[in-house]
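These protein sequence lines map, in sequence, to chains A and B. In terms of numbering that gives the first Met the number 0, the first sequence has 296 at position 297, counting the first letter as 1, and numbering is strictly consecutive. In terms of numbering that gives the first Met the number 0, the second sequence has 65 at position 66, counting the first letter as 1, and numbering is strictly consecutive.
No lab work stands behind these hints: they were computed from the structure. The model shown is predicted, which means the values in this text are computed figures rather than measured ones. Using N, Cα and C, we set each Cβ at its ideal position, and we do this for glycine too. Be a bit skeptical, because a hint or two may be false.
Stated by the list, open to error - Restraint-style ranges between C-beta atoms, simulated for each label pair:
1) B:E301 - A:E5: 34 to 40 Å
2) B:S8 - A:E287: 31 to 37 Å
3) B:E278 - A:P295: 33 to 39 Å
4) A:R44 - B:P310: 41 to 47 Å
5) B:R53 - A:T317: 18 to 24 Å
6) B:R270 - A:P335: 20 to 26 Å
7) B:D233 - A:R306: 15 to 21 Å
8) B:E296 - A:G234: 41 to 47 Å
9) A:R44 - B:E130: 35 to 41 Å
10) B:E278 - A:R306: 31 to 37 Å
11) B:R275 - A:D284: 43 to 49 Å
12) B:D89 - A:E5: 34 to 40 Å
Unchecked claim - Calculated Cβ distances over 12 Å to all of chain B for the following chain A residues:
13) D59
14) T68
15) S95
16) A215
17) V228
18) T237
19) I275
20) P281
21) W304
22) Q307
23) E315
24) L354
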Amino acid sequence: MVEQSELILTCGPGGVGKTTTAAALGVAAAKAGRRTVVVTVDPARRLADALGLDDGAAADEPHRVEGVTDSESDGELWALMLDAEQTFDRLVREQSGSRKQAEAVLNNPVYQAISGSLSGAQEYMAVERLHQLHVSGDWDLVIVDTPPSRHAIDLLEAPDRLVGFLSHPVYRTLTVGQRTFAKITDAASSMFLWAVKRLAGPQIVEDTVAFFRSLANIEGGLRHRAKQVSELLRGDDTAFVVVSSPRAEAVGEAEHLLRAIAEKHFPLGGLVVNLIHPLPEPFTDSDEELLGQLGPGPLAEQVEWHRQLTSLALAERTELVDVERLAGDAPVIELPLLDVDIHDVPGLVGLAERLV
Amino acid sequence: MTTSDWLTSATVMIVAGKGGVGSSTVAAATALAAARSGADVLFVAVDGRPGMGRLLGGREITDREQTLQRLSGGGRVRARTIPAEQAFGDYLELKGVGGLLRRAASSASLPMIAAATPGLEHLLVLGKIKELERERAADLIVVDAPPAGHAAPFVRSASGLSEVVRSGPVLDQAEQVSEMLGDPSRAQALLVALPEETPITELIELAADLGDDLGLALAPLVVNACWSDRPGLDKSPAMAARSHKVKLTDSAKASLESAASFGRSRLTQQREQIERLIEARDEPLITLPRLATPRLEPEHLEELADALVTPESVVRDGD
Numbered sequence: 000m001v002e003q004s005e006l007i008l009t010c011g012p013g014g015v016g017k018t019t020t021a022a023a024l025g026v027a028a029a030k031a032g033r034r035t036v037v038v039t040v041d042p043a044r045r046l047a048d049a050l051g052l053d054d055g056a057a058a059d060e061p062h063r064v065e066g067v068t069d070s071e072s073d074g075e076l077w078a079l080m081l082d083a084e085q086t087f088d089r090l091v092r093e094q095s096g097s098r099k100q101a102e103a104v105l106n107n108p109v110y111q112a113i114s115g116s117l118s119g120a121q122e123y124m125a126v127e128r129l130h131q132l133h134v135s136g137d138w139d140l141v142i143v144d145t146p147p148s149r150h151a152i153d154l155l156e157a158p159d160r161l162v163g164f165l166s167h168p169v170y171r172t173l174t175v176g177q178r179t180f181a182k183i184t185d186a187a188s189s190m191f192l193w194a195v196k197r198l199a200g201p202q203i204v205e206d207t208v209a210f211f212r213s214l215a216n217i218e219g220g221l222r223h224r225a226k227q228v229s230e231l232l233r234g235d236d237t238a239f240v241v242v243s244s245p246r247a248e249a250v251g252e253a254e255h256l257l258r259a260i261a262e263k264h265f266p267l268g269g270l271v272v273n274l275i276h277p278l279p280e281p282f283t284d285s286d287e288e289l290l291g292q293l294g295p296g297p298l299a300e301q302v303e304w305h306r307q308l309t310s311l312a313l314a315e316r317t318e319l320v321d322v323e324r325l326a327g328d329a330p331v332i333e334l335p336l337l338d339v340d341i342h343d344v345p346g347l348v349g350l351a352e353r354l355v
Numbered sequence: 000m001t002t003s004d005w006l007t008s009a010t011v012m013i014v015a016g017k018g019g020v021g022s023s024t025v026a027a028a029t030a031l032a033a034a035r036s037g038a039d040v041l042f043v044a045v046d047g048r049p050g051m052g053r054l055l056g057g058r059e060i061t062d063r064e065q066t067l068q069r070l071s072g073g074g075r076v077r078a079r080t081i082p083a084e085q086a087f088g089d090y091l092e093l094k095g096v097g098g099l100l101r102r103a104a105s106s107a108s109l110p111m112i113a114a115a116t117p118g119l120e121h122l123l124v125l126g127k128i129k130e131l132e133r134e135r136a137a138d139l140i141v142v143d144a145p146p147a148g149h150a151a152p153f154v155r156s157a158s159g160l161s162e163v164v165r166s167g168p169v170l171d172q173a174e175q176v177s178e179m180l181g182d183p184s185r186a187q188a189l190l191v192a193l194p195e196e197t198p199i200t201e202l203i204e205l206a207a208d209l210g211d212d213l214g215l216a217l218a219p220l221v222v223n224a225c226w227s228d229r230p231g232l233d234k235s236p237a238m239a240a241r242s243h244k245v246k247l248t249d250s251a252k253a254s255l256e257s258a259a260s261f262g263r264s265r266l267t268q269q270r271e272q273i274e275r276l277i278e279a280r281d282e283p284l285i286t287l288p289r290l291a292t293p294r295l296e297p298e299h300l301e302e303l304a305d306a307l308v309t310p311e312s313v314v315r316d317g318d
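Chain B extracted, bound-state conformation (with noise of 0.2 Å):
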C-alpha cells in the first residue's frame, strides 16, 4: 500500500473519536493532507468547533461554504457546518416540497418534529452528505463528526430510524444513507484514540459498532499524540552520562530523573496500548506525533498532515 491511498479511496470520509482524542484536528489535518495531494476537499463540521477554520488557514467555519485554503498544487479546502434546520429545509426543497410544508418545518417545529423522530436531526445531516456526494460536491468530504460518546449514535441514526418510522421520505431517506455508509466506495471512517488504556478501549468497541456491525468501512486506525520515542530515556541519567564521559552533580541526577521518569513510564503505557490495538484489530495503524503545545496553531496542522501520509507513521500496513 501506497501510504496516502485510502485518503481518497471513498468520497466520504467520517472522522471520528471520543471527546479529548483530538479527532477534529486529525479530521481537519486528514482535509488538507488531501488537498495538498490536489484533490478539491469539503470539510464537514458537524457540531462547529470554534477555532478549526483558523487552523485550516481561513476565517471561522458556518453554514455558509466557504474556501479556507487554496493549494499551489490545485488542491483546495473548503468547509462548511451543516445545522439540522438547514440541512431539513434543503431537504423539503429537494423533495419539492411546497410553501406550507417548508412553513411548518420552520426551526420553531423542528424541535418538535425531531422530538417525535428521534434520530432525524442526525440523519438530516447524514442526508444532506450524502446529496452532496451524489452530486460529487467535491473529491473528498471531511466529516468531523460529533465526539464526546455522540458518534455511534450520530452514524447509527438512519439504521435506528428505520426501526421507528416504516413508511415515508424519512425512511427512503435513512435507506439512502445506509446504502452509501455501507459502500466502501463511498463512505468510511477514520478513528481516532490517544495511546492510553481507556481510548484504546474505546477505539476497539468503536470499531467493532460501525465496522463490525454496521459494515462502515474502516480507513487505517489513527493513534493520536504519540510521544515520540527516546530510547536515552531508558538509562538513568548516571548512566547515560558514562557514554558521554562526563559526571552529573547530584542536582543535575535529580532533575534529569523526574523528567526521565515520566516520560518512560509514558512510552512503556504507550507501547503497551499500541501493542493491544494491533492484537484487537486487523486495520492498518498510523501514529501520529504528540504536539509540544497546549495550543494548536496552523504550523502544528501541517506537521500533523504530514505525519498522516508518512511511511514512518504507519505501524502497520494492511495485509
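In isolation and in its complexed conformation, chain A is listed as follows (with noise of 0.2 Å):
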C-alpha cells in the first residue's frame, strides 16, 4: 500500500493512535523511496514537535521531517498541520473569477466566524487540503489524518454535504437573481431571515444575506471541486486505513465505519488495531505447577500480574474477531501498547517497521 497508493487516509475513533500511525506510514513510504506528505489535523504537541510542526500558520505549509531517510535515498517525507481556515481561504481564492468576488466572501463577518468552525468544515477541509496537494503534482504519495469525530464517517459525507447545502431550497432562494432582502417572498426563505434577525439581530442578517449571495459567485467552482474530491476519494490509487484499538466501543466505531466504507465503494486498504496489551509468554505446565502452590510474596505478585495480564490480551484478541473480519481481503495489522509511547522520529521508524 505505501508502495503504490497515491493517498492515504487514516480515520477512526479519537485516542485510538490515529495521527501516530498516519505519521508512521509516511515513514514506511519514504523509507521506500517515495516523496511523501502526511497531513496532520490535531496531533499532540510532542509528537508534532518531532513532526517540526509549531503552532502558527507556517505549519500549514509542508516542513521536512529530519532523520527519516538517508541522503542517497529519494525517500522524503513532509509533514503539514491542517489549518481549516486557510485550506477554505485558499479553495475560496482558487474559486473566484476575480479578486473582489474572493475578497467579498472572505472579509465577510459571517464566513470569517464559519470558515473554521462550521459543522464539518474541518472534515471537508481536511480532503479539499488532500486534493490539493494531490493536484499539485509535487507528491509521490499524500497521507491524511483525518479530524477526530465520533462519527468519523462525517469525512466520506463532507463534499456530498457542501453540496447540500448549496442545494436547501432556503440558500437557494437567498442567493437567486438580483432580488434584495425586502423583495424576497419565498415563505422558507423569509421566514428563515426572520428567525435569525428575531434570534441573533438584524445585523447577522445583513451579513448572512450578503455571504450566501459572495458564495454564489464561486458556487459552480465548489461544486465542481466537492465532485473531483468525491471522485478522488473513490479513485483506484486512494487507500483508507481504519484505525481502532480493542476496547469494545472503538471496536464498534471501526466496524461501524469499515460496513460504511464498503456500503459508499471507498477503497479499503487496511485495518490496523493499535494498543493491544502484550500477550506474556504462556507458563509450560511444570512451570504451572509450581508457581500455583506460591504463599503470598513478590514472586506470587509477578504470577498474578502475568495471569491478569494474558486474561486481559487474551479477551481484547476476542473482541477483535468480528471486526478483523470486516476486513475481508485487506490486511490487518496489529500493533502492541507499547512499553513506552512514540513520541519522537526514531519511534516511528520504529513503528514504520513493524507496520510493513
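Mind assembling these two chains? They're in different frames, but the hints should get you there.
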C-alpha cells in the first residue's frame, strides 16, 4: 500500500493513535523511496514537535521531517498541520473569478466566523487539502490523518454535504437573481431570515445574506470541486486505513466505519488495531504447577500480574474477531501497546517497521 | 475534605476529556456515585454514545427522559440526550415564540440558522441545561460533554457567540449560560485523563483553558485507568523467587519477565505523569483503577463509582 497508493486516509475513533499511525505510514513510504507528505489534523504537542510542526500559520505548509531517510535515498517525508481556515481561504481564492469576488467572501464577518468552526468544515477541509496536495504534482503519496470524530463517517460525506448545503431551498432563494432582501417573498426564506433576525439581531441577517450571495459567485467552482474530491476519494490509487483499539467502544465505531466504507464503495487499504496489550509468554505445564502453589510474596505478585495481563490480552483478541472479519481481504495489522508511547522520529521509524 | 463533598457542591457537573480517555464512563460513574449517596441525578449525554444506558442499568438513552436506576437510599439516575433541534424548539416555546417562528425553525432550517450563527447548537444545548438547573430538575445534572477536542468549543460556545451576535435573545442566552458557568455553586467541570504523557499534557491545557481562562470551577482532576501498584514487579523473577525459597526454571523466568518488564515500564510512566500533573495543577487529584477488561459491564461501573469516593483514590487533597 505505501509503495503504490497515491492517497492514504487514516480514520477511526479518537484516542487510538490515528496520527501516529499516519506518520508511521509516511515513514514507511519515505523509506520505500517515495516523496511523501503527511497532513495531520490535531497532533499531540510532542509528536508535532517531532515532525517539526510548531503552532502558527507556517505549519500549514509542508516541512521536511529530518532523520527519516539518508541522503542517498529518493524518499523524503514532509509533514504539515491542517489549518481549516487557510485551506478554506485558498479554496475561495482559487474558485473566485476575480480578486474582488474572493475578497467579498473572505471579508464577510459570517464567513470569518464559520470558516473554522462550521460543523463539518474541518472534515471537508481535510479532504480539500488532500486534493490540493494531490493535484500539485509535488508528491508521490499524500497521507491525511482525519479529524477526531465520534462519527468518523462524516469525512466520507463531507463533499456531498457541501453540495447539500448549496442545494438547500433557503440558500437557493437567497442567492438567486438580484432580488434584495426586502423583496424576498419565498415563505421558507423569509421565515429563515426572520428567525435569524429575531434570534440574533438584524446585523447578522445582512451579513448572512451578503455571505450567501458572495458565495454564489463561486458556487459553480465549489460544486465542481466537491465532485472531484468525491471521485478522488473513490479512486484506484486511494486507500482508507481504519485505525482502532481493542476496546469494545472503539471496535464498535471501527465496525461501523468499515461497513460504511464497503457500502459507499470507498477503497479499503487495511485495518490497524493499535494499543493491544502484549500477550505474555505462557507458562509450561510444569512451571504452572510450581507457580500455582506459592504463598504470598513478590513472586506470587508477579504470577498474579502475568495471569491478569494474559487474560486481558486474550479478552482483547476475542473482541477483535468480528471487526477483523469485516476487513475482508484487506490486510489487518495488530500493534501492541508499547512499554513507552511514541513521541519521536526513532519511535516512528520503529513503528513503521512493524507496519510493513 | 471528606471524599465525596465535591460530587454535589454544584448542581451541574460537566465531565470532559479528550477522545479515548474514558470521560463518558467516568461521567456515568459520577452519576452513579452521587445517586448512591441519595441524590436525584440527571445524566445528560450530549452526544448520546451508544451503550451508556445499559451500563447505568437501563435502556438506551434517548431524547425522552427515563429513569435508568433507583437505589435503595432513595437516590436515582435519570438520563436523556439533548439534540440541538429539540433544545431549539424548547427554547422558542419558553420564549413564548409563536407558531410561525417555530415552523421557521423546523429541523430543515436549523442547520442553516446554525451555519449563520456558529456555536449556536452548543449554546442551545447548554441553554437547555441551564433551564434544567434553574427548574431544579435534579439534585445533580451530570453532563457527558462531547469528546475528541470538541469539549472546549462546547463549553466556550457561550463566550464565543457573544463576539459575533451583538443583540437579540441569542446574546441573552449566551450571557445567562456564561453566568451559570462562572458560578462555582451552580456549575463545575470534572476533567479526565489517562496516566500517559499526551493525555496528561492535554488535561493540563484543558484545565488552563476552562478553569483559568473561562473561570469554570474545577472538581478534582481524574486520572482514569491507572495500573494498580505492584511493588513485587520491581524485582527480577529470580530475585522475587528467593524470598519464596523457590528455584525457577529458565522458561518460568522468561515467561514472568515478559509480563513484568511491560508492567514495570508502564508503572514508571504512570508515576512520572501523575507527578507532572501534581506539579502543574493545584486541584485535588483522584485516580481510578484500570479495569481488566476491554468490554465494560454494569459491575465495572459500580467499581469505578466506589473508587470515585474512597479515600484510597485521592492522590492529593485540596489544600
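Against the structure, the hints come out as follows:
Between E301 (chain B) and E5 (chain A) the CB atoms are about 51 Å apart, so this pair departs from the stated range of 34 to 40 Å. Our hint of 31 to 37 Å for S8 (chain B) and E287 (chain A) is violated, since their Cβ atoms are close to 51 Å apart. About 35 Å separates the C-beta atoms of E278 (chain B) and P295 (chain A), a value consistent with the hinted range of 33 to 39 Å. Range check, R44 (chain A) to P310 (chain B): Cβ separation about 34 Å, and the 41 to 47 Å hint is violated.
For the pair R53 (chain B) and T317 (chain A), the beta carbons lie near 19 Å from each other, so the given range of 18 to 24 Å is met. R270 (chain B) and P335 (chain A) have their C-beta atoms about 21 Å apart, which keeps the hinted 20 to 26 Å range intact. Range check, D233 (chain B) to R306 (chain A): about 19 Å between beta-carbon atoms, so the 15 to 21 Å window is met. Checked against the hint of 41 to 47 Å, the pair E296 (chain B) and G234 (chain A) passes, with Cβ atoms roughly 43 Å apart.
About 38 Å separates the C-beta atoms of R44 (chain A) and E130 (chain B), a value consistent with the hinted range of 35 to 41 Å. For E278 (chain B) and R306 (chain A), the Cβ-Cβ distance of about 35 Å falls inside the hinted range of 31 to 37 Å, so the restraint holds. The hinted window of 43 to 49 Å between R275 (chain B) and D284 (chain A) holds, with their beta carbons roughly 44 Å apart. Distance hint for D89 (chain B) and E5 (chain A): a CB-CB separation of about 49 Å, inconsistent with the stated range 34 to 40 Å.
The beta carbon of D59 (chain A) sits about 18 Å from the closest Cβ of chain B, which is more than 12 Å, so the claim that it is off the interface holds. No Cβ of chain B comes within 12 Å of the Cβ of T68 (chain A); the nearest lies about 26 Å off, and the non-interface call holds. Every CB of chain B is more than 12 Å from the CB of S95 (chain A) (nearest about 20 Å), matching its label as outside the interface. No beta-carbon of chain B comes within 12 Å of the beta-carbon of A215 (chain A); the shortest separation is about 15 Å.
At the 12 Å boundary, the C-beta of V228 (chain A) stays outside the reach of chain B, the nearest C-beta of that chain being 20 Å off. For T237 (chain A), the shortest C-beta to C-beta distance to chain B comes to about 24 Å, beyond the 12 Å cut-off, and the non-interface label holds. Here I275 (chain A) does not stay apart from chain B, with its beta-carbon only about 9 Å from theirs, under the 12 Å limit. With a closest Cβ-Cβ approach of about 7 Å to chain B, P281 (chain A) is found to fall inside the 12 Å limit, against its non-interface label.
With a minimum CB-CB distance of about 6 Å to chain B, W304 (chain A) fails to clear the 12 Å threshold, and the non-interface call is violated. Listed as outside the interface, Q307 (chain A) is inconsistent with that label: its C-beta sits roughly 6 Å from the nearest C-beta of chain B, within the 12 Å cut-off. Separation of E315 (chain A) from chain B is inadequate, the least Cβ-Cβ distance of about 5 Å not exceeding the 12 Å criterion. The claim that L354 (chain A) lies off the interface holds: its Cβ sits roughly 20 Å from the closest Cβ of chain B, which is beyond the 12 Å cut-off.
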